[in-house]
Amino acid sequence: QQPVQSPQAVILREGEDAVINCSSSKALYSVHWYRQKHGEAPVFLMILLKGGEQKGHEKISASFNEKKQQSSLYLTASQLSYSGTYFCGTEQRGSARQLTFGSGTQLTVLP
Amino acid sequence: DGGITQSPKYLFRKEGQNVTLSCEQNLNHDAMYWYRQDPGQGLRLIYYSQIVNDFQKGDIAEGYSVSREKKESFPLTVTSAQKNPTAFYLCASSERTVNYGYTFGSGTRLTVV
Numbered sequence: 001q002q003p004v005q006s007p008q009a010v011i012l013r014e015g016e017d018a019v020i021n022c023s024s025s026k027a028l029y030s031v032h033w034y035r036q037k038h039g040e041a042p043v044f045l046m047i048l049l050k051g052g053e054q055k056g057h058e059k060i061s062a063s064f065n066e067k068k069q070q071s072s073l074y075l076t077a078s079q080l081s082y083s084g085t086y087f088c089g090t091e092q093r094g095s096a097r098q099l100t101f102g103s104g105t106q107l108t109v110l111p
Numbered sequence: 112d113g114g115i116t117q118s119p120k121y122l123f124r125k126e127g128q129n130v131t132l133s134c135e136q137n138l139n140h141d142a143m144y145w146y147r148q149d150p151g152q153g154l155r156l157i158y159y160s161q162i163v164n165d166f167q168k169g170d171i172a173e174g175y176s177v178s179r180e181k182k183e184s185f186p187l188t189v190t191s192a193q194k195n196p197t198a199f200y201l202c203a204s205s206e207r208t209v210n211y212g213y214t215f216g217s218g219t220r221l222t223v224v
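Read top to bottom, the protein sequences are chains A and B.
Each residue of the first sequence is one higher than the last, beginning at 1 in the numbering used here.
Each residue of the second sequence is one higher than the last, beginning at 112 in the numbering used here.
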């Protein structure tokens with residue numbers, strides 16, 4: 001069963017912040033975050049492995065609440081280059097590194 | 112530079128025809144994956160392989176077949192049994208250990224004509 005992402009779409013002005021959520025009904029071992037530009041391959045942003053872990057990548061960071069099986073991606077002071085579709089991919093323990101992806105969140109940053 | 116190469120970029124298939132999508136990686140990754148992406152949707156797993164000569168079905172394997180004869184190569188065949196093959200196909204690879212994300216190829220867009 002695929003994780004649920006919210007919101008489905010968000011429109012921002014440059015410099016504004018956004019949060020994208022990913023929730024699973026199954027116990028998770030890790031959560032990945034990817035960004036995909038239209039017609040291109042998804043690009044890996046970060047992986048979170050431990051409950052409560054928080055990681056950062058430039059002005060993009062994420063948290064993982066293992067108990068709630070939830071992860072959130074935080075985009076701070078958004079830039080035009082942040083536009084794209086963001087996917088979370090979830091991995092269950094013992095799943096041989098298979099990822100199940102959410103349906104994506106389309107982020108548009110306007111000047 | 113290391114990476115994953117998918118070919119062709121665009122492919123057109125006639126009804127009843129089998130087609131093969133190529134995926135080659137020079138990252139020395141053990142694991143390789145095929146995903147299908149439909150417009151406005153997430154990625155769905157077709158097949159994956161953890162080691163040479165071994166592969167497993169994913170969530171939507173019906174109508175597809177794969178082989179893993181070499182570590183670098185993981186071709187996907189879309190057979191005539193796949194009734195709705197028009198989609199964007201993505202190949203990915205990863206290390207078998209944790210802490211690494213997937214590296215994706217640039218994709219093949221398959222259209223039935």
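Quick caveat, the hints were computed from the structure, so don't treat them as lab data.
Treat the numbers as computed from the prediction; the structure is a model and nothing was measured.
Some clues are possibly wrong.
[Claimed, not checked] Restraint-style ranges between C-beta atoms, simulated for each label pair:
1. Asp-141(B) x Tyr-29(A): 26 to 32 Å
2. Pro-150(B) x Tyr-29(A): 28 to 34 Å
3. Ala-27(A) x Gly-151(B): 27 to 33 Å
4. Thr-188(B) x Gln-79(A): 38 to 44 Å
Think of the CB as a built atom: it goes at the ideal place given N, C-alpha and C, for glycine as much as any other residue.
Hints, verified against the model:
| no. | hint | in the structure |
| --- | --- | --- |
| 1 | Asp-141(B) x Tyr-29(A): 26 to 32 Å | 18 Å, violated |
| 2 | Pro-150(B) x Tyr-29(A): 28 to 34 Å | 30 Å, holds |
| 3 | Ala-27(A) x Gly-151(B): 27 to 33 Å | 28 Å, holds |
| 4 | Thr-188(B) x Gln-79(A): 38 to 44 Å | 41 Å, holds |
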